[in-house]
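Input sequences plus hints: build the corresponding full structure.
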Amino acid sequence: MAGSLKIGRYCMIGGASVINGHMEICDKVTVTGMGMVMRPITEPGVYSSGIPLQPNKVWRKTAALVMNIDDMSKRLKAIERKVNQQD
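Going by the numbering used here, the residue at position 80 of the sequence shown is 85; the numbering climbs one at a time, nothing skipped.
It cannot be assumed that every hint is accurate.
[Stated by the list, open to error] Derived Cβ-Cβ restraints for the label pairs, each shown as a range: (1) I74 with R14: 29 to 35 Å; (2) L10 with K87: 45 to 51 Å; (3) M41 with M77: 30 to 36 Å; (4) L10 with D92: 54 to 60 Å; (5) C31 with D92: 46 to 52 Å; (6) L58 with N89: 37 to 43 Å; (7) M41 with I84: 18 to 24 Å; (8) I84 with G13: 39 to 45 Å; (9) D92 with P45: 43 to 49 Å.
Rather than coming from a laboratory, the hints here were simulated on the basis of the structure.
Since the structure is predicted, the reported quantities are computational estimates derived from the model, not experimental observations.
Note that CB positions come from ideal geometry on N, CA and C, so glycine has one too.
Structure follows, in structure tokens:
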């Protein structure tokens with residue numbers, strides 16, 4: 006935890022979590038263990054992140070895939086629709 010951090014009421018922060026500086030977390034938030042808070046949290050709820058330890062080379066590939074998984078899912082669904090239309 007760094008900088009001018011503001012944590013709301015009734016919050017729980019799990020062990021080994023990281024919170025970027027100059028951040029604000031609203032009331033009734035739970036950050037699970039190994040959570041990495043890089044942006045303000047403005048909605049109550051439970052937040053999770055973290056990938057188990059891997060060699061850096063593997064982790065870099067995994068992180069890149071995770072960041073693009075939504076786009077890849079949309080592209081795959083479009084391809085599946087085209088394939089199913091051809092049947």
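Hints and how they fare:
no., hint, result
1, I74 with R14: 29 to 35 Å, "34 Å, holds"
2, L10 with K87: 45 to 51 Å, "48 Å, holds"
3, M41 with M77: 30 to 36 Å, "22 Å, violated"
4, L10 with D92: 54 to 60 Å, "55 Å, holds"
5, C31 with D92: 46 to 52 Å, "49 Å, holds"
6, L58 with N89: 37 to 43 Å, "40 Å, holds"
7, M41 with I84: 18 to 24 Å, "32 Å, violated"
8, I84 with G13: 39 to 45 Å, "43 Å, holds"
9, D92 with P45: 43 to 49 Å, "48 Å, holds"
In the structure shown, a violation is registered for the earlier hints numbered 3, 7, in ascending order.
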